[in-house]
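Asker: Sequence:
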Amino acid sequence: MKRFARVHFLYLLAIAIGTGIYAFGFVAFNMANHLAQGGVAGLSLISYALWHIDPSYVQLLINIPLLMIGYRFLGRRTFIYTIWGIVSLAVWIWIFQRVSFTINIGNDTLIAALLAGVFSGSGIGLVFRFGGTTGGTDILAKLFQIKKGIPVGRMLFIFDSCILALGSIFKLC
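When you read off a place in the sequence shown, starting at 1, and then add 942, the result is the number in our numbering.
To be clear, the hints were calculated from the coordinates, so they are not data collected in a lab.
Be a bit skeptical, because a hint or two may be false.
Said to hold, decoys possible - Computed beta-carbon distance windows for the label pairs:
| no. | residue 1 | residue 2 | range |
| --- | --- | --- | --- |
| 1 | 1015 | 974 | 32 to 38 angstroms |
| 2 | 1090 | 1018 | 20 to 26 angstroms |
| 3 | 974 | 1071 | 26 to 32 angstroms |
Here a beta-carbon is modelled for each residue, glycine too, at the ideal position from N, C-alpha and C.
Taking the hints into account, I'd like the entire structure generated from these sequences.
Answerer: As structure tokens, this is what we get:
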């Protein structure tokens, strides 16, 4: 039992570190350079640009109904790790928005986009590696896979493309 608790703690710690890496890239590069993004993070950027609502709150609010949808098919451990991933991501975003730091990359949007991708990919990869998700469109994509047989990657591409298109309509890109 002690070993299980230690492993469980290490998984939660790894998910928290992964969401911290992801949140840093989100705030330092996506938000700072007005770069659009897919998924719930992209929707939170759109709401921030339009109404100045804190993205951490938007992500929590959008993820609540998605978690309710995902409860039945995620599995107990993944569901718990996903709740942890959603909450820790929101907390990290909230923290990084309030910490003053400057990353001088000039006005190079390509470098900003690449760095945003590196941090997002690394952070999400760590979260996935330890059995969690950050909620959002991942839950919907998994649902489509289970119910309709559509691959997760294809559904994520469709969701992200729609959200990026929406972001470009509002000139967030």
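Asker: Confirm or reject each hint.
Answerer: Structure-based check of all given hints:
1. A C-beta distance of roughly 36 angstroms is found between residue 1015 and residue 974, which places it inside the suggested range of 32 to 38 angstroms.
2. Here the CB-CB span from residue 1090 to residue 1018 is close to 24 angstroms, well matched to the stated 20 to 26 angstroms.
3. The beta-carbon spacing between residue 974 and residue 1071, approximately 27 angstroms, falls within the hinted interval of 26 to 32 angstroms.
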